[in-house]
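**Q** Sequence:
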Amino acid sequence: MKIGVIGGGAVGLLFSTYLSLNHKVVLLTRTNTQATVINEKGILLSNSHKDMKYVVTAYSDFDKLEKQDLIIIAVKQYDLASLLKHFLTLPANTPLLFIQNGIGHIKLLETLPHETIFIGTVEHGVKKIGANHIHHTGIGITNVALFRGRKESLIDFPDSVSEAFPFCFYQNYRKILLDKLIANSVINPLTAIFKVKNGSLIENPHYYKVFESLHAEISSVFPEIDTKQSLEKIIHICHSTKENRSSMLSDMIAGRKTEIDAIVGAVLEHAEKKGMFLPITATLFEIIKGMEREYGFEDI
Numbered sequence: 212m213k214i215g216v217i218g219g220g221a222v223g224l225l226f227s228t229y230l231s232l233n234h235k236v237v238l239l240t241r242t243n244t245q246a247t248v249i250n251e252k253g254i255l256l257s258n259s260h261k262d263m264k265y266v267v268t269a270y271s272d273f274d275k276l277e278k279q280d281l282i283i284i285a286v287k288q289y290d291l292a293s294l295l296k297h298f299l300t301l302p303a304n305t306p307l308l309f310i311q312n313g314i315g316h317i318k319l320l321e322t323l324p325h326e327t328i329f330i331g332t333v334e335h336g337v338k339k340i341g342a343n344h345i346h347h348t349g350i351g352i353t354n355v356a357l358f359r360g361r362k363e364s365l366i367d368f369p370d371s372v373s374e375a376f377p378f379c380f381y382q383n384y385r386k387i388l389l390d391k392l393i394a395n396s397v398i399n400p401l402t403a404i405f406k407v408k409n410g411s412l413i414e415n416p417h418y419y420k421v422f423e424s425l426h427a428e429i430s431s432v433f434p435e436i437d438t439k440q441s442l443e444k445i446i447h448i449c450h451s452t453k454e455n456r457s458s459m460l461s462d463m464i465a466g467r468k469t470e471i472d473a474i475v476g477a478v479l480e481h482a483e484k485k486g487m488f489l490p491i492t493a494t495l496f497e498i499i500k501g502m503e504r505e506y507g508f509e510d511i
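Going from the sequence shown to our numbering is simple: count from 1 and add 211.
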């Protein structure tokens, strides 16, 4: 298959490397500088065992995505609105896969003319080291569900030949989004505020008390989620990625704008619609927003 990937961040580079093993991948980056580096040197993927170089063609021009069998949008949720005009230029018969945190992007997807749209969530641990270099810190799963289109479209979804990059398919896109939203809403703000890796949230008994209370508060907003299973899954995530920094902590360290609005903000918005007040969640939200303002974090 011919696959386009939009976004030269850690997740975009991760998808580009593994899918390039048995598909023709074109990566769209924000800058021509990054595209040039990737075209000249390839993408370097490091893990605990070795370093691997992947040959991927990169561009910074949307016109290069005209004829693709699938386009994966791997930018952060707060970047989607600015890219809407470009999405509208993509052929309506080209399937799109959106892999953003939160649930706020659903409104944007409803406005698109495309016949087939997939929604995905990513459970891998990955860190961007340089313009063309990532570290795959934790093997996970990419969860995929159909948002719009024929169910048969899932049959045509590209295969991954690597055991380190599996896909899992679901019928209900809302469930996979909520599972990821709750996990992110617990792990991300706590690790960013405490300045610890994921494992510390379950290894430090004092952090774990806050972790458990926060999860109970957030999960109460979504009664369709099995609270016990959700807690067990997030504990498993923290255990399996114990040496990883969350994306929000990484953004804080790098001085970038975080996804606090897309993640925790979305939970608070749903709670408000139900007339619910979440004191712990609201406090963490204001702390992160305050830190962003205090240190002048920019979207870079």
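Everything labelled a hint here was simulated from the structure, so no lab data went into it.
A couple of the hints might just be wrong.
[As the list claims (entries may be wrong)] The calculated DSS-like cross-link candidates involving lysine-lysine, where the alpha carbons are at most 27 Å apart (straight line), are:
#1 339 / 453
#2 213 / 278
#3 213 / 408
#4 261 / 278
#5 408 / 485
**Q** Mind listing which of the numbered hints don't hold for this structure, in increasing order?
**A** Checked against the structure, the hints that fail are numbers 3, 4, 5, while the rest are satisfied.
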